[in-house]
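Asker: Keeping the supplied structure of chain A fixed, place chains B, C and D upon it in accordance with the hints.
Number of protein chains: 4
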Amino acid sequence: MIRVAIIGASGYTGAESIEIILKHPKAQVAYLTALPQECGQVDEVFPRFRGRCSLPIEPLDLDKLTSLADVALCCLPHKVSMGFVPKLLDAGLKVVDFSADYRIKDTAVYEKYYQVRHTDTANLENAVYGLPELFREQVKTANLVANPGCYPTGLLLALAPLLRRHLVDCNLIIDNAVTGASGAGKNPSSKFHFPNMNENIFAYSIGTHRHMPEMEQIAARIAASDVNILFQPHVGPFDRGILSTVYCRPVQQLTSQQLLQLYTDFYAKEPFVRVVKNAPAVKDVAGTNYCHVFPALVKDSVVVFSAIDNLVKGASGQAIQNMNIIFGLEETLGLA
Amino acid sequence: MIRVAIIGASGYTGAESIEIILKHPKAQVAYLTALPQECGQVDEVFPRFRGRCSLPIEPLDLDKLTSLADVALCCLPHKVSMGFVPKLLDAGLKVVDFSADYRIKDTAVYEKYYQVRHTDTANLENAVYGLPELFREQVKTANLVANPGCYPTGLLLALAPLLRRHLVDCNLIIDNAVTGASGAGKNPSSKFHFPNMNENIFAYSIGTHRHMPEMEQIAARIAASDVNILFQPHVGPFDRGILSTVYCRPVQQLTSQQLLQLYTDFYAKEPFVRVVKNAPAVKDVAGTNYCHVFPALVKDSVVVFSAIDNLVKGASGQAIQNMNIIFGLEETLGLA
Amino acid sequence: MIRVAIIGASGYTGAESIEIILKHPKAQVAYLTALPQECGQVDEVFPRFRGRCSLPIEPLDLDKLTSLADVALCCLPHKVSMGFVPKLLDAGLKVVDFSADYRIKDTAVYEKYYQVRHTDTANLENAVYGLPELFREQVKTANLVANPGCYPTGLLLALAPLLRRHLVDCNLIIDNAVTGASGAGKNPSSKFHFPNMNENIFAYSIGTHRHMPEMEQIAARIAASDVNILFQPHVGPFDRGILSTVYCRPVQQLTSQQLLQLYTDFYAKEPFVRVVKNAPAVKDVAGTNYCHVFPALVKDSVVVFSAIDNLVKGASGQAIQNMNIIFGLEETLGLA
Amino acid sequence: MIRVAIIGASGYTGAESIEIILKHPKAQVAYLTALPQECGQVDEVFPRFRGRCSLPIEPLDLDKLTSLADVALCCLPHKVSMGFVPKLLDAGLKVVDFSADYRIKDTAVYEKYYQVRHTDTANLENAVYGLPELFREQVKTANLVANPGCYPTGLLLALAPLLRRHLVDCNLIIDNAVTGASGAGKNPSSKFHFPNMNENIFAYSIGTHRHMPEMEQIAARIAASDVNILFQPHVGPFDRGILSTVYCRPVQQLTSQQLLQLYTDFYAKEPFVRVVKNAPAVKDVAGTNYCHVFPALVKDSVVVFSAIDNLVKGASGQAIQNMNIIFGLEETLGLA
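Line order of the protein sequences matches chains A, B, C and D. In terms of my numbering, the first sequence is residues 17 to 352. In terms of my numbering, the second sequence is residues 17 to 352. In terms of my numbering, the third sequence is residues 17 to 352. In terms of my numbering, the fourth sequence is residues 17 to 352.
Same shape as in the complex, but just chain A (with noise of 0.2 Å):
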């Protein structure tokens, strides 16, 4: 069994990790922890894991962590991470991370978006994007997987296969998305307040969302070339998924056909991604680990429309996805 700690489990990204590795076959629960106010008994935390998970949320401590654990899942917030990371690492353990702290290479990139010096670039060098599809061999022999964004795993998913065979214009690209409440964690503000966000959908971090530098230096790498993306969130009156709307302009003529195949071909041997014959809805990816995803010719462009669950293949689900690659056990295993 691998045991699994999580840093950070108070927040919502914690709590559904948690729900996984529940049913997770060969992983068990083995340390929680979070800052001291947040502390307490997991099933009064989260009320649903009330007979189901008994441990305390307790205070990081790291000698505690070497002996408990053997990899972390690292739930905190960003530029908080980093100072949590190394000595993750340090304490022996493998150490997924959700936040954007190992995600960006950049460091200027990541500075001017996050406004805050990044401390701890030795690891960054190492760190490896967590997007199996992409990038399984990397993921194989990690130390330390930044996992990716829930808004550019969407994306990227939804665009690999165009980017890779440079299908597109790449400098024409639009990511419209849309995202239930969940994505905004759980503290209470006045947007996600129920009489304001319920029978409501609005944009939100227009131009400025931290997600877009973080797709463009992955779109460049499957693109080998620049790629620029305009990318807009929207959050609208639901818990959990995320529908990417993506437009872009073919730079050779396509069928619908030749581009049904292309996906299929591109994603026949994984096993989380399906192509889909219409449009994917975020209610049928809920509580999974799957992208459904469905290109399709209008006019003189591509749109691609793809659906996941921000919560699972947007976060925890994917971080185990990548915890079970890096421990060499089948892929799916408590994700199916």
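You may find that some hints are simply not true.
If chains are identical, the list can't say which one is meant, so a pair holds when it fits in one copy or spans any two.
[Stated by the list, open to error] Straight-line alpha carbon distances no greater than 25 Å define the calculated BS3-like cross-link-like pairs of lysine-lysine that follow:
| hint | residue 1 | residue 2 |
| --- | --- | --- |
| 1 | K156 | K121 |
| 2 | K95 | K285 |
| 3 | K128 | K95 |
| 4 | K103 | K156 |
| 5 | K121 | K110 |
| 6 | K315 | K128 |
| 7 | K293 | K207 |
| 8 | K156 | K110 |
| 9 | K202 | K293 |
| 10 | K42 | K80 |
| 11 | K315 | K121 |
| 12 | K202 | K42 |
| 13 | K80 | K95 |
| 14 | K128 | K39 |
| 15 | K285 | K80 |
Calculated from the structure, these hints are not laboratory results.
Answerer: Chains B, C and D in isolation, oriented as in the chain A frame:
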């Protein structure tokens, strides 16, 4: 034109009052006040008023109030209200107060449930309980109307015909009610954080809700005898509405037909109460000042269902209905 | 009082029209019609009208229509409408038609998208496209107004200032829109069954939505040149509203300041369009005839966000705005 | 591995059963059947199974059934089920039946509420009511388990400790319950059309719900005396969950402390019932097989709150709990 001041215009009932008065043919929004930290242009505080109302919400100035308004809708919270209402009355205005401060005649009961001494017993004595369907005559000549609570409105309209005719056992009345989340007010909190409240329903204030003594006091006036009510509120994942399911025991035999006739007769002249022939739905009254009520015989009990909009018939609409009565206008003006 | 007939009163736009006219100070609901199988008392078909409107919905009788009404709001579906509109005009009424039958001047385009021959080209020629913000003068003298589609209203108000001033590339315009579920109409179907639609969001009519040619035709009139629009609709788990996110490319350099000024100037005298300074939210316009619009510069694109209520500014409210104009009333009457 | 056939796999409880068995370590989905018009690949009927289950749903073939499966989860509707269950038993399978056909021992009561003659009284006699918390011993040796109704599960778990100890007046029990909309099944209808059900809540089956006699029969067995239950169901705008609020009258004095102790003791060894210390929320049990129950003293009544997921503990989860028991597996397998 009746010039209306709204005291406490920055909350949901304040906004709903503005919304109604904007469409009222013989009233106009004249003056909006709030605590200093809640002030600002009304259409910035509530973007839905953009282009429709451009008044400032400003700290209360009594001289301004006197010169600008004929009536005050006082939307302040419990305990705060009784500090302001005497000043509003002294300023020469009619007052419709939304708080509980003037609803409960017995100060001992008030002080038990609200945990504070009542500081305005003089006005309390003269305040009229503003449920027009039962106390219209008193409202006509009132200077101060205590606007009923949302739950008591739903319960009392469901129960009044039975109480008035002494048809049910006054010791065995249960009010099981479900409110929409707007009832919680505009301040964000964990319970009403969208990812917590969405897809959820739960009870609250078990055995302790402050509307219970209000219900019992008014029910006793209607029945001319003591009434014991077990009131249990719940909150569900929708914005507006209260569905009250009221269980009671008849003290004499009744047929369904008699029961329906009783209600139809009792409310025959009431513009805002509709006796319906099947289960009422909150969506049918949302955004209106109507109460749909349906009495049914089930086994040896009477079960009465009533539906209102908690912000309209349960608050702002009823206040404006009271205002119409006080000023001798047609009671339905601006509300039908 | 203007006497209003509603032809097709049993659907959502019919009901919304009744709702608005009930509060209109100079119009009254005079005659309601529907197909025989949809007839009945209006307050039985729509329980929300109990106590507020007690007319029957009856099969259309042209003699009755002539004697009872001055104007017909024709809420019939596409293809059906053009069979009735000539009769309504012959009966001497002004007509605001909600269908697409009189919106698309090029019958070849109409017949391609609607798969039916146009049978009333005579009236089609004289019909005025009822987007008052752009075609107010023609509406004033129209006998037949083609009320715009909901999506085109959202798109065109978002785009008009840019098109009129020739500031964007007319070949690279994308309209990514999300509507509430009321847009699907009142007939139950699997997609809109609550357990399917709730907690869901998905695209539909990929590349084929019939509002696309309508958008392009009117955009071309505004721009005085051909316009190519890629329109992609989605539906989300809320009742009302359309959020349009419109992506286009400026043909000259623009600053955010200039962009905002352009919109503010363009809509300076428009009562129902509010240029806002951040992302508009559908909940801020729900139940109103307003459009909130926000233009932003993102990287080298212009992204314009607009929010309307699909049933009000996108249908019944706009129809009544047109009616007000035709009859020389204040344009905002019953709508502010 | 236990090989599971699901009879009636095209409905919500069929799908939920598949969902659970896919994660069950000692059971596998072996055979899926439905009426001919509902057949197809399971991942086309339910896109959420794409990549996870690729079986066909096919018309029932008894030979195939015999050779492929050890147990049948029979998810057919009431009245239909009793036509198939004898064949399933004859085929040598253990059967867990989801319908009401084998729950009500008194055929006169069954025939009154279901308006049909019971055609399989032989098996009815031997069927075991599959509420493991109360009838575990009988389930162990059963060939045919009548899986309890969703509402009775919520009610009976809330009430059992009081009934067993004879602590409440058996003539004065009220069960006010609210279910999520999945309880209505997958066929679209006007009531559950999204624009009708969203933002709504209403009662239904007033005085006539078929779960009432089921509740009374089992409650009587627990109490060893007649029990009269007034059951009133409602439906609210959420997918999953039943919140039961149960009102009853103690026949002797009780303290809150004693009440809580009673429940804690009664359910001490039950894996799926958690006695909690405040109002349970349906979201805390959604997607799980748990029941959260909280008993409270309010005035002179006992009010018990219970929350379950109607599709899991109220249907498929409980069926698989029963299956685990029948096959001598750990009861929580695949469910915790």
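Asker: Pop the pair K103 and K156 into one bin, within, between, both or neither, using alpha-carbon distances up to 25 Å.
Answerer: within (21 Å within a copy, 52 Å between copies)
Asker: Given a CA cutoff of 25 Å, do K285 and K80 count as a within-copy pair, a between-copy pair, both, or neither?
Answerer: neither (39 Å within a copy, 31 Å between copies)
Asker: One pair to classify: K121 and K110, alpha carbons no more than 25 Å apart. Within, between, both, or neither?
Answerer: within (20 Å within a copy, 59 Å between copies)
Asker: Could you place K293 and K207 in one of the four classes (within, between, both, neither) given a Cα distance threshold of 25 Å?
Answerer: Answer is between; shortest inter-copy Cα gap is 16 Å, intra-copy 35 Å.
Asker: Checking an output row: K80 and K95, CA cutoff 25 Å. Within, between, both or neither?
Answerer: Cα proximity of K80 and K95: one copy only (24 Å, versus 51 Å across).
Asker: Cα distance capped at 25 Å. Does K156 pair with K121 within a copy, between copies, both, or neither?
Answerer: within (19 Å within a copy, 59 Å between copies)
Asker: How do K202 and K293 come out at 25 Å by Cα distance, when the copy is not named: within, between, both, or neither?
Answerer: Close across copies (23 Å), not inside one copy (35 Å); limit 25 Å.
Asker: If the cutoff is 25 Å on CA atoms, where do K95 and K285 land: within, between, both or neither? Let me know, please.
Answerer: neither (36 Å within a copy, 45 Å between copies)
Asker: With 25 Å as the alpha-carbon cut-off, assign the pair K202 and K42 to within, between, both or neither.
Answerer: For K202 and K42, neither the intra-copy (29 Å) nor the inter-copy (36 Å) Cα distance is at most 25 Å.
Asker: At most 25 Å between CA atoms: does that hold for K128 and K95 within a copy, between copies, both, or neither?
Answerer: within (13 Å within a copy, 49 Å between copies)
Asker: Regarding K42 and K80, is the shortest C-alpha distance of 25 Å or less found within a copy, between copies, in both, or in neither?
Answerer: within (21 Å within a copy, 34 Å between copies)
Asker: Reference check for the pair K128 and K39, CA-CA at most 25 Å: within, between, both, or neither?
Answerer: Classified as neither; 40 Å inside a copy, 44 Å across copies.
Hint violations for this structure: numbers 2, 12, 14, 15, all remaining hints satisfied.
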